[in-house]
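Asks: This is what each chain is made of:
2 protein chains.
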Amino acid sequence: MTVSVNYPEEFKGFAITDPKDWASPKLTSIQPKIFGPNDVDIEIEACGICASELFTLKNEWSHDELACLSSTYGPKCQIVGHEVVGKVVKIGSECKTDVKLGQRVGLGAQASCCAKEDCSRCNSGNEQYCPQSVGTYASRYPDGYVSQGGYASHVRAHEQLVFPIPDGIESHLVAPLQCGGLTVYSPIKRGIQDILDAGKEQPKVGIIGLGGLGHMAVMISKALGAEVTTFSRSNAKKDDAFKMGTDKFIATGEDKDWESKNWDQFHLILNCASGTSAVDLDKLLKTLKVNRSFINVGLPHVDEKFEISPFTFFKNGSTIGSSCLGSRAEAIELFELAAKHNIKPWVETIKIGEEGVHEGLTRLDQGDVKYRFTLVGFNEYFGTGK
Amino acid sequence: MTVSVNYPEEFKGFAITDPKDWASPKLTSIQPKIFGPNDVDIEIEACGICASELFTLKNEWSHDELACLSSTYGPKCQIVGHEVVGKVVKIGSECKTDVKLGQRVGLGAQASCCAKEDCSRCNSGNEQYCPQSVGTYASRYPDGYVSQGGYASHVRAHEQLVFPIPDGIESHLVAPLQCGGLTVYSPIKRGIQDILDAGKEQPKVGIIGLGGLGHMAVMISKALGAEVTTFSRSNAKKDDAFKMGTDKFIATGEDKDWESKNWDQFHLILNCASGTSAVDLDKLLKTLKVNRSFINVGLPHVDEKFEISPFTFFKNGSTIGSSCLGSRAEAIELFELAAKHNIKPWVETIKIGEEGVHEGLTRLDQGDVKYRFTLVGFNEYFGTGK
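Top to bottom, those sequences are chains A and P. Under UniProt numbering, the residue at position 281 of the first sequence is numbered 281, and the numbers go up by one with no gaps. Under UniProt numbering, the residue at position 313 of the second sequence is numbered 313, and the numbers go up by one with no gaps.
No copy labels: a pair is met if it fits in one copy or bridges any two.
List of simulated lysine to aspartate or glutamate pairs, EDC-like, C-alpha gap at most 16 Å:
#1 K305 x D280
#2 K305 x D282
#3 K58 x D365
#4 K26 x E359
#5 K386 x E45
#6 K283 x E254
By construction, these hints were calculated from the structure, which means they are not laboratory data.
Kindly produce the complete structure, drawing on both the sequences and the hints.
Replies: As structure tokens, then:
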């Protein structure tokens, strides 16, 4: 099937208008956001499927109705997708990055930031924490448009968040690095940089949950030089974990005394599981070295909370927190690291289309994925790429 | 009144056997712990009153009975006090620190650690997190003795935790630094050291709660070169805070929009309040800069918990944790800093005795203290110091 797109006046993509239809987005034409002087249009070639999509489409990260339903202009429907790889087809008049027409680029979960010199977040390599950050989908721009994602023919984003992709990594493999990969890279890098700089010991990283995020976290930690321990509930994914490069594997539901055996081990624990309830913080925090951190990257349902006794931290002065995405500089570092170390996420490709989107979303919802889906065939489907 | 002590066979102090009598410890003779080759005996001159005493005497940090009731040997009663200043009167045969007979020393909330070269905590300046750490009171030694504190004629402790005190600070003022001062110094130092080292900006520290711990935290943060903001519920202590050196003062119950006015301000927030319920983490964490920490030093009731949504951290990648006491090296640094910067905790002295102990504990329980009590007159009372 090939559909035709009247770009740049319209983009085409797969959208829902009601969370009950989360598994079945329908082909829809949408009006893009008004093109700004720092915007870039990407003609999409491939797009990863991230668990964020399920939370957004089911509207589980909010107590309000879908944001698009109250957009000031543009579509009253929602297209998701924020692991975009594609080709630059339009560049705003004031773009300062070296983005070029025809260049292969990526776009992750953030589509805009203020990028002002006096923004303490943007001017310090922390634009993911810019107070004017706009997510790639389901997020409101200052002008009232609600952002639309990458299960689509095209996507429009601020140049700061449009990342050059080096040669040597195939698009369907580099797609999951745009959101998932960057989301784990940033806290791993920030969490062990001091140990790497000191050069006295190999950093030890624990990764909880071998799913879409976790399996990339294992590979990225290894590439950064860490000793990696994978935590999983059972031994079911043990063989996979070792193939991905983990040094050690702990099945918390099957290994006896794993917490005492691993006392004082880790410089960083990264929680890649999306729920908080399965994580026994009292046990896990004991495995951290003094003053090190347990960082979450998966976001659970809006009502799920961590419950922690202040006593838990007193045994090692550890801390717990969350990390959100990564910066442009970190994205570029990550892609270079991936190219250099031949990091290849385990990706199953699915052809874009209503059927393919449905299959990807429902199988991800059932956990039937090893370990990431990338939607492909965009050019054929949308009649683009010419 | 003068009582006589048959030191070294017995120490005398003020003890309870039942938490219902928390406010009225009685004069008691106790058998000290068996003297080890690395132990030091201190003839006590002064001892601060710490809020830990209330929690311990009321048994609010535990669901079990008082630990002393099941000690293997020694007293079946509990003496508290862990801000000890006194004179060294006995030194173990294998002591390696330069502790000297007659020297003025301090002892904080920790009385022992393994001090072994192969202990990852003891060999890295983190002996406060040694798995064999023994608290100065109500804590079980490996031999089954339950430790007894400093509202007493003498106290016995491992040399590693017996700190030399420089001249130029009076004993009743340096006493509160042994536990309270060190407990805030360690996380402040560790929390802003990277900013001090970088030398590009003045570290900004927020201190929550202007009580015993908080007022020392303000003075210590200033001495370390930070800009200090004190958070309090009302403006009642505002004048005091400025006298102590705070640069800014926020009354969270009275100032409007304090959290948006202070967005992205702090490199460190230190929570010196002992409860968790009064602290609005969702608002406070917003005032942290990217990837900085909110650290607790006050320990609440054993059943109090922090409840945090993972979403809260996503705006700035902040973390939350707790810090426990400080190391010997940090204690020595702190006393030098105090001597150099003339740090003087606001101390009201109370004469030791059943009456004085009762007054100190009940007034502290009622919050009737500005801002710390030190029990004094030990030599006169116990007939020591000769």
